[in-house]
Every structure is written in structure tokens, then in C-alpha cells.
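Residue numbers (my numbering), protein chains in the order written: chain E, 219 to 389; chain G, 219 to 389; chain V, 219 to 389; chain A, 219 to 389.
FYI, nobody ran anything at the bench for these hints, they're computed from the structure. Any given hint could be a false lead.
Said to hold, decoys possible - Away from chain A, derived, C-beta distances all over 12 Å, residues of chain E: (1) Val228; (2) Glu233; (3) Met273; (4) Asp281; (5) Arg283; (6) Arg291; (7) Ile292; (8) Thr296; (9) Ser309; (10) Ala310; (11) Glu311; (12) Tyr328; (13) Tyr332; (14) Asn340.
Said to hold, decoys possible - Below, a sample of chain A positions facing chain E; criterion: calculated Cβ distance under 10 Å: (15) Thr250; (16) Leu278; (17) Arg283; (18) Thr296; (19) Gly297; (20) Ile298; (21) Ala310; (22) Tyr332; (23) Glu372.
Just so we're clear, the structure is a prediction, and the values are computed from it rather than from any experiment. Heads up, the beta-carbon is just placed ideally off N, CA and C, and yes, glycines get one too.
There are 4 protein chains.
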Amino acid sequence: MIIGVIGGRVCSIEEAELAENVGRELARRGATVVCGGLSGIMEAVCKGALSAGGMTIGILPGDDRNAANPYVRIPIVTGIGLARNMVVVKSAEALIAIHGWYGTLSEIAYALHYGTPVIGLNTWCLSRNGESDNSIILAFDAKDAVDKAFYAVEKGAGRVDNYGHDTVNNR
Amino acid sequence: MIIGVIGGRVCSIEEAELAENVGRELARRGATVVCGGLSGIMEAVCKGALSAGGMTIGILPGDDRNAANPYVRIPIVTGIGLARNMVVVKSAEALIAIHGWYGTLSEIAYALHYGTPVIGLNTWCLSRNGESDNSIILAFDAKDAVDKAFYAVEKGAGRVDNYGHDTVNNR
Amino acid sequence: MIIGVIGGRVCSIEEAELAENVGRELARRGATVVCGGLSGIMEAVCKGALSAGGMTIGILPGDDRNAANPYVRIPIVTGIGLARNMVVVKSAEALIAIHGWYGTLSEIAYALHYGTPVIGLNTWCLSRNGESDNSIILAFDAKDAVDKAFYAVEKGAGRVDNYGHDTVNNR
Amino acid sequence: MIIGVIGGRVCSIEEAELAENVGRELARRGATVVCGGLSGIMEAVCKGALSAGGMTIGILPGDDRNAANPYVRIPIVTGIGLARNMVVVKSAEALIAIHGWYGTLSEIAYALHYGTPVIGLNTWCLSRNGESDNSIILAFDAKDAVDKAFYAVEKGAGRVDNYGHDTVNNR
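Extracted from the complex, chain E is given alone in its bound form:
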């Protein structure tokens, strides 16, 4: 199972600890981590996964494999800038979003469009035209997030219609 973990290049110490715990828990349960390969949340989740013997993939926006954080075992060098955000999303069977800025929001949006489950830890909340959108599955801590990601993948990846409605969990 390949689980994406998304979040900012810059994060607080608490957020980094949360990401490291998510990475460790994913690796313990046999999942491969895919992320954007850079610093902040991406580095913390890879560090956690490696510490538990896991596999980590970093899908880099730029041209330089050395931009990968030191815990990325397999750097994918895309050279397509932030269009790589779509590649992170498509390569994951579910996503765990930890805090994050607008780049993370673009990944959440792609995932919801494709019907890929998104588990949120202190991340974006969405509403449109006054109506709340509850597509992001809220989690309370690292273990809860990983539980919910596994659950979402196991009960079947979502399917998406052309209008951006997906069909998992009545989202």
C-alpha cells in the first residue's frame, strides 16, 4: 500500500513530531510513504518511516535529486514544478494531510477530485458558497490518521464523476 503524506515545507516542532509519528506508524504497518520529498512535514514523515524500516519516495518538483531530504530513499525527479503535486496525489492510494499551506490545499483538491481519500490532521477546512464541505476525513492523532487511511483504502478507492463528486463515504 502506498500512502501519501502532504504538508508544508515549513512546520512547527509539534507538526513535525506528528508527521514523524505518522511515518513511523505507516512503516510499522507495511505501507510505503510517498511525499513531495522536500523539508518540513515531508522530511519528518520520511524520517519516521525510515526509523521503522519503511520505504520512502520523494516526488521532487525541481531538477535536482539532491534537493530531496536525507530520508528519501527513492527520489523521483520530475522537473515539472508544482504540477508534481498532481503526481503525488495520483501515486497515493490515500492521503494524510498535516497542516500545510496552499500547495497542500492544491493536493487536497486534486485528491477530492479524483476520489482519493484525504485524512486531515489540523489542516484546511472547506466550504463553498456558504455550504460546508466535509470531504476531508478528520483524524485526532497519528495512529487515528493511519487507521482511517488504511480503512479508506481497504473499503475501496473512491470513484469520481465528472462533476467532482466522489462516491466514497457519501462525500
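On the provided structure of chain E, position chains G, V and A as indicated by the hints.
Relative to the frame of chain E, chains G, V and A by itself:
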């Protein structure tokens, strides 16, 4: 001036009228319209722009130029799927978002990341971790949206730091 | 009709004159020019097209619309690096290649893969495993190249099978 | 070390055996294989690498992870069509090209542009404007190709100037 107009492939009659008015107003004021080139909001804005003698560019996700709506004067055939959303954003000096689904949300996210002004008409509202994000500039009707887009471009395109904060309008 | 013109960012004076003549001839015959938007052949073809009242589109690899040469009327800002070479190819109904380096070769390769006609002026020659590949249609001067591009588009865009053989002109 | 292996989706039995031997040899020497993830040469090289306990990455053009051949251990799902060819090239420290059609040619072109070493086994030959281009390093069999790929990476990845000339091996 090149202004992007984003929104869903499927929309209500009222939203289509709004988009058509936005297109007409943009063309009247000499702006070129760039959009995703397909149906719904994209078709309506191109129709409006053409009716006022404007230029319309459709940046298509797929491989087929014939997928462009009939009001696209210049189809750009990308073949990169929804990664083309980033290209729509980067090609525009400001964006007007009309309603829209998750694809539109990904475009809003890219724009806010890059510091490109986003004017919203009945579209997404954002908050993160309980804190409201007011980066989207709200507009009340087509003319107001175009006014605000021109104003935002003329006073200088935003600049963005690495953390996703841009520096226009204290966003 | 949208015709792509491809070639290097750096070129000789003779090649630039050839490109300018190609641009002028395309514009005179009502074709829109699409190119990579930068200097060298790309600048010369846009200059020629503008001088004859034509429309020019520059599909830029980077993030900066100001990187476009001054004769590009519509800059498309992709931010996807040289993956934009595929977008230039897909957006054109036929390609005219003038000299060029490896970037141009990647565009020729994409075009032959998709079955888009390629007209060559002093450009790459291909052979594989000792067998010559005559897919590039040779032209002798600017007018001949434009004639052959129009002819190729008018008799029908090629179709390509999965093995890279296309079906136009017994290529 | 990450070595890319490129070639067609369709190939002869002899070419598949060659690719399988290349994959086996790469894995024996500890290199990770990156490829386009589909059938033909891509499948054969992954099969060979797996049989020797190696790691295989398939960078897929489409949206479906199930399109990966059964010997891909890590599927990267790009959704960007053949623009993924650039990602295969950028993710590899050297490339081994086995036969191949126009898609393979686009990868060779990208690699030569970026100064990534390309080792050729019965693949494309290039000349431009009557002058032969010897940038592709010829190999005689699977072992020779892997030797030359390791040698090229170890003596330092090439650097490329803006004109497409790289600076390895006087290419």
C-alpha cells in the same frame, strides 16, 4: 492583459449567465480570456468574450483539440491532464473563480501559492485549523469581479514566499 | 490552422532569416504560429509572423511571462520545464523544424509518435539500428516548408499506432 | 544508483531477453531500475531486476496504477501522458536504451539535452544536417551496457550548456 476565468464543467443557468457577463466585460475592456477550454463556466465565459470581440484561449487537459468549446479561438492542447490547471493559473495575471468544484479549488490553491490575485464569485471559502483565510477577494457581480481583477493586476502582481504567504493585500 | 515552428534558442543569422521567412509566409497564409516562446529560431519566426500581421503563441517552459520574446503575442506560462515541448507539439497541426539541438529532437520525436507531420529544414536525420527513418518531410526553403505543412494538414492529420508508426505518407 | 532503461512497449523476443539481462545485471550490482512501467522492454527489464532481488520503479503515463507491468514494485502514477518521458529521464543517473520507437527517441533527446549519459543497444542513430552525432554511447551486450552506465555515472554526470552540448566524453 490576460485574465483567467475558472469554474466547473457543469454549472447552473445563473452561473453560466454570470460567466458570460464576465467574459463580455473582460473583452470590452481589452483583456484576453484564458480558461480550461471545456464546457460549463469555461464555455460561457468564452461565449461572452467572443460576443464582445475578445480573444479566448482554452488550455485543454487532454489530447484532442476538438474537445475545446466552440468559443475558444486558440486551443492549447496540453495532454497533461489536470496538471494543466497549473498552466491556466500561471498563464493568467489574475483569476476570476465562479462557483466551481474541486478542480477549481486546485486552481485557486495554485494561484494563492504563486501570489496571483483570485477574485471569487460564489466560490470556495477557506479556513485552516479553525482560522479563516481571506485571500480570495470577494466580488458581487460580473462588473465588480472584472474591476477587482484589473485593480489587482494594475497595482502589481503579488509575490509569494516559500511558505505560501503572498504579499498582496496583506493576504 | 495552428503550425508549430521548432528550433534552437541559439541559431546562426542564416537560420534566423529562414525562420523569419517561415513566420512571414505562415502569417500571410493565415496560419497561427505556436512555438516555445524563447529566443533564436523561436524569436525569428515570431518576428516574421508579426511583420505580416500574424498571431504568435509562445509556450514557455518556466514561470516568467517576461521570458517570452518580444514578438510573442500570447504567452502561455507552463512552469513544467521541457515537458512543455510535448505541449508545443500537441498544440500544432504540423511542425516545421529548423536546425535545432536536442530539445528540438525531443519535439520531433513526440510529433512522430503522435503522427503529427514534421517538415524539416536543415534539421535532424534519424536512423535506427542501421535502417534509415524517413518520417521527417524534407523542405528546401521557407515557402516549400510552409507548402508542405499546409499540404500535410489538409490531407489529414496522421494517425499513429502503438508502435510509433504513423500512417501518413507511408511513413 | 538509479539507472533508467528505456525501449518500446512492443519488442522482439531477442530484445526482451536483452532487457531482462540488463535488469538482472543492474540488480546484481545494486542499482535500482526506473522505467516507464508498461509492457515490452519495460516489463522485461523489471522482470530481470526482480529475479535478482532488485528494486523497480515504473513511471506511468496514465491514471491507472494497474497499468503497471507485474514486475514494477513501485508504480508512480503521473497522469501527464508522455510528458512522463521527461520524468523517467530526470529520475535516472544514466539511461540504457534498447531498440525503441519514437517515444524512446524523445527520452534519448531529453537525456542528451540534460547531459545524462545514454548507453545504446541497437537503438537510434542521430545526425544533423549531414553531420553525425555520436552522443549515444554504444554497447555490445547487456553486461557491456551496464558497465558503461556505471562508468558514466561514476566519473560524474554530465553538465549541459544552453545549446544542448553536454560536456561528458567530448560529446
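Here is how each hint holds up against the structure:
At roughly 25 Å from the closest C-beta of chain A, the C-beta of Val228(E) stays outside 12 Å, upholding its exclusion from the interface. At roughly 26 Å, the least C-beta separation between Glu233(E) and chain A is larger than 12 Å, which holds for a residue marked as non-interface. Against chain A, the non-interface label of Met273(E) is violated: not every CB pair exceeds 12 Å, the least being about 8 Å. With a minimum CB-CB distance of about 6 Å to chain A, Asp281(E) fails to clear the 12 Å threshold, and the non-interface call is violated.
A beta-carbon of chain A comes within 12 Å of the beta-carbon of Arg283(E); the shortest separation is about 8 Å. Distance check on Arg291(E): its Cβ comes as close as 9 Å (rounded) to a Cβ of chain A, failing to clear the 12 Å threshold; non-interface status is violated. Listed as outside the interface, Ile292(E) is inconsistent with that label: its C-beta sits roughly 6 Å from the nearest C-beta of chain A, within the 12 Å cut-off. Its beta-carbon lying about 5 Å from the closest one in chain A, Thr296(E) breaks the requirement of being farther than 12 Å from that chain.
With a least beta-carbon separation of about 5 Å from chain A, Ser309(E) fails to lie farther than 12 Å from that chain, contradicting its non-interface assignment. With a cut of 12 Å on Cβ distances, Ala310(E) falls inside the contact zone with chain A, its closest approach being about 9 Å. Not every Cβ of chain A is farther than 12 Å from the Cβ of Glu311(E); the closest lies at roughly 8 Å, contradicting the non-interface assignment. Not every CB of chain A lies more than 12 Å from the CB of Tyr328(E), the least distance being 9 Å, so the non-interface label is violated.
Look at Tyr332(E): its CB is around 8 Å from the nearest CB on chain A, not clear of 12 Å, so calling it non-interface is violated. With a least beta-carbon separation of about 27 Å from chain A, Asn340(E) lies farther than 12 Å from that chain, consistent with its non-interface assignment. The beta carbon of Thr250(A) comes within 7 Å of a beta carbon in chain E, closer than 10 Å, and the hint placing it at the interface holds. Given hint, Leu278(A) at the interface with chain E, holds; its Cβ is 9 Å from that chain's nearest Cβ, closer than 10 Å.
Against a cut-off of 10 Å between C-beta atoms, the interface hint on Arg283(A) holds, since the closest Cβ of chain E lies about 8 Å away. For Thr296(A), the interface hint holds, since its Cβ comes within 10 Å of a Cβ in chain E; the closest pair sits about 5 Å apart. Residue-level restraint check for Gly297(A) holds (minimum Cβ-Cβ distance to chain E is 5 Å; threshold 10 Å). Interface restraint check for Ile298(A): the shortest CB-CB distance to chain E comes to about 7 Å, inside 10 Å, so the restraint holds.
With a cut of 10 Å, the hint placing Ala310(A) at the interface with chain E holds, because the nearest CB-to-CB distance is about 9 Å. Look at Tyr332(A): its Cβ gets to within about 8 Å of chain E, closer than 10 Å, so that hint holds up. Violation of the interface hint for Glu372(A) is found here, the shortest Cβ-Cβ separation to chain E being roughly 16 Å, above the 10 Å cut-off.
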